[in-house]
Structure formats: structure tokens, C-alpha cells
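Reassemble the complex: the two chains are provided individually, in unrelated frames, and hints are given to aid placement.
Chains Z and S, in that order, give the protein sequences. First residue of the first sequence? That's 1 in our numbering, and the numbers climb one at a time after it. First residue of the second sequence? That's 301 in our numbering, and the numbers climb one at a time after it.
Just to be clear, a hint being listed does not mean it is correct.
Claimed, not checked - Quick list of in silico lysine to aspartate or glutamate cross-link-like pairs, EDC-like style, CA-CA up to 20 Å:
| hint | chain 1 | residue 1 | chain 2 | residue 2 |
| --- | --- | --- | --- | --- |
| 1 | Z | K219 | S | E450 |
| 2 | Z | K257 | Z | D196 |
| 3 | Z | K210 | S | D368 |
Keep in mind that the hints were calculated from the coordinates and are not lab data.
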Amino acid sequence: MSVLASVRLIQEAAEAPGPTLSLDGLSVGPLVRTLVVVAIGVPLLYLVAKWTRRWVSQHMNLQAGLVAGKLVFYLGVTILVISTLREMGFSLAPLLGAAGVLGIALGFASQTSVSNVISGLFLIAERPFVVDDLIDVGGVLGRVMSIDTISVQLRTFDNRMVRIPNETLVKSQVINITRFPIRRVDVQVRVSLREDAARVRHILLEIADKNPLSLMEPKPIVVFERFGEYSMDFLLGVWTVQGNYLAIKNSIQEGIKERFEAEGIEIPVPRRTLDFGRETARLEAELLEEERRGSGEEAG
Amino acid sequence: MPESARLSIRPAAPDRLVVVSQEHPFHLPSHAEARVYVRIPLFVRVVASGSGSDELVLADVPSIVLSDTWWGTFTEGELAYWLTTTARSEVSDDLFLPHVAMCPFRFANRSEDALPVERFAVRVPHLTLFADGARMWTDEVRVRYAAAVEGSEIGFGGRAPAESPGAERVAPPRVPVRRRFHARTFGRLLGF
Numbered sequence: 001m002s003v004l005a006s007v008r009l010i011q012e013a014a015e016a017p018g019p020t021l022s023l024d025g026l027s028v029g030p031l032v033r034t035l036v037v038v039a040i041g042v043p044l045l046y047l048v049a050k051w052t053r054r055w056v057s058q059h060m061n062l063q064a065g066l067v068a069g070k071l072v073f074y075l076g077v078t079i080l081v082i083s084t085l086r087e088m089g090f091s092l093a094p095l096l097g098a099a100g101v102l103g104i105a106l107g108f109a110s111q112t113s114v115s116n117v118i119s120g121l122f123l124i125a126e127r128p129f130v131v132d133d134l135i136d137v138g139g140v141l142g143r144v145m146s147i148d149t150i151s152v153q154l155r156t157f158d159n160r161m162v163r164i165p166n167e168t169l170v171k172s173q174v175i176n177i178t179r180f181p182i183r184r185v186d187v188q189v190r191v192s193l194r195e196d197a198a199r200v201r202h203i204l205l206e207i208a209d210k211n212p213l214s215l216m217e218p219k220p221i222v223v224f225e226r227f228g229e230y231s232m233d234f235l236l237g238v239w240t241v242q243g244n245y246l247a248i249k250n251s252i253q254e255g256i257k258e259r260f261e262a263e264g265i266e267i268p269v270p271r272r273t274l275d276f277g278r279e280t281a282r283l284e285a286e287l288l289e290e291e292r293r294g295s296g297e298e299a300g
Numbered sequence: 301m302p303e304s305a306r307l308s309i310r311p312a313a314p315d316r317l318v319v320v321s322q323e324h325p326f327h328l329p330s331h332a333e334a335r336v337y338v339r340i341p342l343f344v345r346v347v348a349s350g351s352g353s354d355e356l357v358l359a360d361v362p363s364i365v366l367s368d369t370w371w372g373t374f375t376e377g378e379l380a381y382w383l384t385t386t387a388r389s390e391v392s393d394d395l396f397l398p399h400v401a402m403c404p405f406r407f408a409n410r411s412e413d414a415l416p417v418e419r420f421a422v423r424v425p426h427l428t429l430f431a432d433g434a435r436m437w438t439d440e441v442r443v444r445y446a447a448a449v450e451g452s453e454i455g456f457g458g459r460a461p462a463e464s465p466g467a468e469r470v471a472p473p474r475v476p477v478r479r480r481f482h483a484r485t486f487g488r489l490l491g492f
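Pulled out of the complex, with its shape left as it was, chain S reads as follows (with noise of 0.2 Å):
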């Protein structure tokens, strides 16, 4: 390797859309709005790098292995990761860890019944990657249920979420995305 090469290790967000299972599933009221946090396992980037501005990866590893889940119907749909765990109303120091980013969700519940929060699914190769010291963020997303056919309306801060607005931007989204668009964000895949 010339000795102008670099390698360097970033943190990457995965690569492919998220469905996070609630270990403790709510009801988000109609007309109501609701603040998360969800801890989204990053991956691991080994990159190369020379003089000039291409970079190489060389590695897309992910930080733990996430169970594969279909996220869709049974005619279509795409293949995505299964992440268990609990969305936060509040984020304390315990919470972060070297591998994790902390996803700040706002939830917006425009229909007219009460919406069950069970499974919602992430788009997480939409997200950038913020840290503050060894405290990893991601932008903001915005989800607005309205029961519309086409899905909820989704939206990206693309900046330093609230709770650090100073943390540093570190690495930009997978998939660059547009200001909003309408996906099928809460649901799930009854199996017989």
C-alpha cells in the first residue's frame, strides 16, 4: 500500500430500513404528538483512502447482527432488519454506547383514532450521523400519520438534533433523500 494510503474506521448507519418492535407498545391519541428515542445499532465502515479525494470501502460490517424481517405486504414489500427494544420518552447518559446512535423520533398522529405504536419502521439509510464527544446521534425524523393510503409522511431534520446542537456531523446519509415523502411507516405482517 503506498504510504500516501489511508484507512480510517467510521461509524455508518445500516444499510437497509429498520422495523423496531416496541417491548413496551402505546397509544398515541388522536391529534396527539409524542417525542421518542430509539437506540439504532450502527455499522462499522473500514475505508481507504488516498491523496486524491476517492475513498474505498473496504468493509460494511454491522456492530451487532440484526434478525432479517419483511417489511410490506405478501406481494411486496423489501427485505429490512428486526430491532427489539424500547423507544424512550427521555435519554439519559446510560443509555449511549460506542455502537449505538440515539434516533430522536416525533410522532404525529393526525387521524382520528387513537394510533397503535407497536412496530414502526426506521428508513434508516436516510439518516446522518451526529456525535457529540462519544455520544452518537442522528438527525431528527418526523412522522405524521394521517391513516392515508400512500403511508405516513415522513421528513429528516439533516441537522444536529435539539437535545445537541452542537455535535458534529460524521457521516451523511446512505441514501440521499428528499425533504419528505410518504411511506408505510406502522403495521405488521400477520404470518398464516
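With the rest of the complex left out, here is chain Z (with noise of 0.2 Å):
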């Protein structure tokens, strides 16, 4: 036989049709077939994004490994689409065709969604924050739930969802407060103008040392930072570890309430002059009548 006809031959053979069951001249075999790819394809795709999940995750981080779980999620249903489409007879070769089109009206379709899979890539690469940061996006301040592939999913301290794409965080200023170990707490402390100011800054400084909470170093700091309205100005910066923020925060405020109250230091309130305009007058005259009628009544 001659190598062409041999050729011929095996493709003859690989271009015939395989056996087929036949049920009421219904051919079941693609169905079946699809079945299968399904069955066994769908399964066996969750296991394996889990575990290239879990598997990214240990090798690098958990925001990692969410998007490459994603990724070969989203690639197996697309491998596993086209398959079931060819096993059912359905020629790809028009689709192809149609997708150059398609490409384009989808390309303007998802500008966006593309924009904030590739703002996502560059979020995976700079690490500005990971899952469990605090973080404050345009005044938004909650917890990073996840880094998914077009968008970061916050919770917020009241407990609302707050999702964020991912253009948008590529795009602002984006806040870290838990990205450092330590962090300082800066109290506003106003004391009234009669004050000794060198008191004041001592005694400041003294109730930041004994709060317990409080670190040694990095140390802190009381700044003079102006004289007020009616008032002169502190900054008093204590320093803490992360998670003694809130209470920190809490005790030194009570603890300069409490030692301003020992100390007789005053915390001034605003004073207004209220003016009536042309009732001011009768109103000062009525004020001063009632005086005079009270301070003679007690002298009576």
C-alpha cells in the first residue's frame, strides 16, 4: 500500500463518526459525552481553584490566593463551556468569526470592568493594603473583607458592605491605619488663658506616663500649638500598640478630665454676647430692674 493511500486511510478513520446509541433515532452519544465533561468537569474544577486558592495563600498571601482562585475558576468555565459546545456539535468556527466583532463591542462594553481587573493586578503587586487592614478610602473606614477581581469589600464599624472598585482605589488616597505596628493617639486638649502653660505641659506629660497603656518610646509629645479664642491650645501625643487605640484613647481623656479636675486647671467653654438689636436696650433695662427689685427684696 502506498504511504498516500495509507494517509488516506487513517483519515477516513479519524472523520468517521464513533458508535452511537441510537433511541428513537435520537442520537444520544454528544449528550451523553457532554454529560460527563459536565459532571466530572464541574467537580473537578471547584477542587482545583480551592486548592490553587489555598496553595497561592500559603506561598504568598490570602489576597493572592482569592484572585488566582478566581482566575482559574473563571478559566475552567470558559475551557469547560467550549468543550460541552463542541461535544454538542456546535461549530466554534462562526463564533470565532463573530468574536473579532464582538471583541470590539464588548471591549467597549467592559472598558470599565477591564480597567479595574488590571487596577486589581496592580493592587495584588503594590500591596497597599491586605485582608483584615483598616483602611479609609474618601472618609469610607472599615476592614478589608476581600480583594476580589474588579473590586475591595469593605466592613464598616457599624456593620454595613461597602464595596469599593478597584479603579477607584488606584485612583484616590487610600489610608492605612493598621498597616504599622504602633500608632500614636493625638488628644486636643484646651485649657483657659489664666493657665500656666509650663504646668499645663507638665502635667500633660505626667498623666501619658502613668497611663498604662501608653508606651515609653517612641515617646510622648505635648506641643503648645496656639492660643485659641479663648483658649491656649495643646497637642498631647501618646503613643500605643494598635489594638490598645480605641482604649488608650478612652482613658487618657478621662485621665486628663479627672487630674484637670484635681489640679483646678481650667477647660474653658466659649462665651457669646448675644446682641437683640434695638430690643437690646429695653431688654438691659428690664434685666437691671429685676436686679434692683431682687437685691432690694433681700435687703428688706
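What follows is the structure, encoded as C-alpha cells:
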């Protein structure tokens, strides 16, 4: 047999349809293969995605693991759909042909989503924050719950869920509050203009020194910031570890109130003079008359 | 509690690094060595043990409550205890108290500049405790400073100090120690 004849025989065998079951004239071979692909492929895909997420999380970080798992899952779904369509006899050629036109249309329609996906990759590479960090994005304060393909989800302290597109995060200022292990608590303190500023500074430093949550180093600081409208304004800065931020913020301010009261240091309140226009003179006269009557009764 | 159970009270070294703030800082000249002694407040451990070898630590409390401080930089480091004391060049009997252990330090300055010894870190969890009667000692700590980025080279004697060679070992290190390692030992962190 010539080589050409052999090749022709092999080609004809490959192109011949396989054995099929026939049920009332309906061929169910491809259907069975499709069901098998789906029945095996879907659970397998979930397992592979889960394993990928776990492996990447262990070797890199949780954030990268989440994204890797999702990428594997979506890729697997795409492969499964294509395989299923082929098994069911759909030709992909027209689809591929239309994909060019569809691609352009999808490109315009999904430019925001693609931008978010790419922004997500930048976030993974740069790592301005990770899951469980406390971040402030444009005034929205919350803990990072997940860093997904196109968005980041935060949980606010009052238990609301906030979804922020990755593109927004890349373009905005993000404050990571818990990135570093220690943090300074700043307390604004106002005292009366009559007080001794040096004595106030000394007392504030003592309060910080005695607070068990305050770190010895970095040392607490007191800064005389300004003369206010009715007060001398000080800033007391006390360092603590991240976990003690709220506790020390409460205890320091309580300590200040208690110590100022014990030392007789006045925390001023603003005073206002009210002017009622033409009525002012009449009201003043009435008040003076009442005072005069009141003092007259006391004397009598 | 079963009759075979025993409660014992034992000394232990503090569970965190201790930052010693010198009351009287000194400078160690280049290529010079110094041997100083620092008193470290101890912890008190209450341990329950039965007929077997298992032990349960019921309490681990400080004999003196030390303030917290941060040893490291603003971006990384560790929580430590703050101890204001004097590193002495000699020891005398009156310095020994029931709740403190005398820790001998040997500083060696291998850099080209004088080393200001104002604050230094004592890796206390790696210390072994010894008792010589009523005197508590730790093993010797050797610190070799060479202005290296990775910090000073630190080594622990593991044996009773030369001042009390017959002292009995009463507590192992909380954290087993390698023979030598590098860690930041000197410095201070400005707050603003």
C-alpha cells in the first residue's frame, strides 16, 4: 500500500463518526459525553480552584490566593463551556469569526471592568493593604473583607458592606490605618488663658506617663499649638500598639478630665454676647430693674 | 486536687525583651570592651505538677510591673518592657534582692566610633536563671557591636557566670537560643 493510500485511510477513520446509541432515532452519544464532561468537570474545577487558592495563600498571601482561585475558576468555566459546545456539535468557527466583532463591542462595553481587573493586578503587586487591614478611602472607614477581581469589599464599624471598584482605589488616596504596629493617639486639649502653660505641659506628660497603655518610646509629646479665641490649645500625642488605640483614647481623656479637676485647671467654654438690635436696650433695662428689685427684697 | 499533685513557685525571666534605659549613660570607646551588671526584675511562676513529667503553669506574673515600650522602628519592631536602671561595673551584696536577677553583660565595640550606651535591649527570654543561695544570676550576655546593618552579634553563655561558678540552674530560657545571632541592641526611637 502506498504511503498516500495509508494516510488517506487514517484520515477517513478519524473523520468517521464514533459508535452512538440510538434512541428512537435520536443520537445520544454526544449528549452523554457532554453530561460526563459537565459531571466530572464542574466538581473538578471547584477542587482545582480551591486548591489553587489555598496553595497561593500559603506561599504568597491571602489576597493573591483569592484572586488566583477566581482566575483558575473562570478559566476553567471557559474551557468547560467550549468543550461542552464542541461535544454537542456546535461549531466554534462562526463564533470565532464573530468574536472579532464581538470583541470590539465587548471591549467598549467592558472597558470599566477591564480597567478594574487591571487595577486589581496593580493592587496585588503594590499591596497598599491586605485583607483585615483597616483603611480609609475618601472618608469611608472599614476593614478589608476581600480583594476581588474588580472590587474590594469593606466592612464598616457599624456593619455595613461597602464595595469599592479597584480603579477607584488605584486613583484615590487610601489611608491604611493598621499597616504599622504602633500608632500615635492625638488629643486636643484646651485650657483657660489664665493657666500656666508650662505647668499644663508637665501635667499632661505625667498623665501620659502614668497610663499603662502608653509606650515609653516613642515618647509622648506635648505641643503648645496656638492661642485660641478663648483658650490655649495643646496637642498631646501618645504612642500605643494598634490594638490599644481605642482603649488609650478613652483612658487618656478620662485621665485628663480627672487630673484637671484635681489640679483646678479650667477647661474653658466659649462665651457669647447676644445682641437683639433695638430690643437690646429694652431687655437690658428690664434685667437691671429685676436685679434692682431682687437686691431690694434681699435688703428688706 | 489529687494527693500526688504539687504546686511549686519558681522564678522566671520576663517574657519579653527588656529595654534598659541607663540612668547614667556612658560611651564605650572604639575597640574597647566593658563588663557591666544589670538587675532584671523576675517573674513568678506557679506550676502544678503531678506524678508524671507534665507540668501546668497556672500563673506567670511579674514581681514588678514594668511599663511597655517599643523596640524597633516606626514600621516594625516588637513590644518590650522598659526598665530604668543603672548598669554597674561592680556588684555588691546589697544589690541582690529576692525578686531580681543580676545579669552580667560584656560589651565589645568593634566599630571605629565611640558607642553611646544610653539604651540597650536585653533579650531576656533567652536568659538562663541560676541561684547561688539567695542570689539570683543569669548567664552572661555577650554583645559585639560593629555598626552592622543587621545589628550587634549577641551570644549567651548558657552557664553560671564567672562571679558565681557554683550557682545552681533554676530555670531554662523561655525561648531556646542559638549560639549567636544578630539583632538590634542599641538605639532609641524619637517620637516626633
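Task: Non-conforming hints, listed in increasing numerical order - done: Number 1 only.
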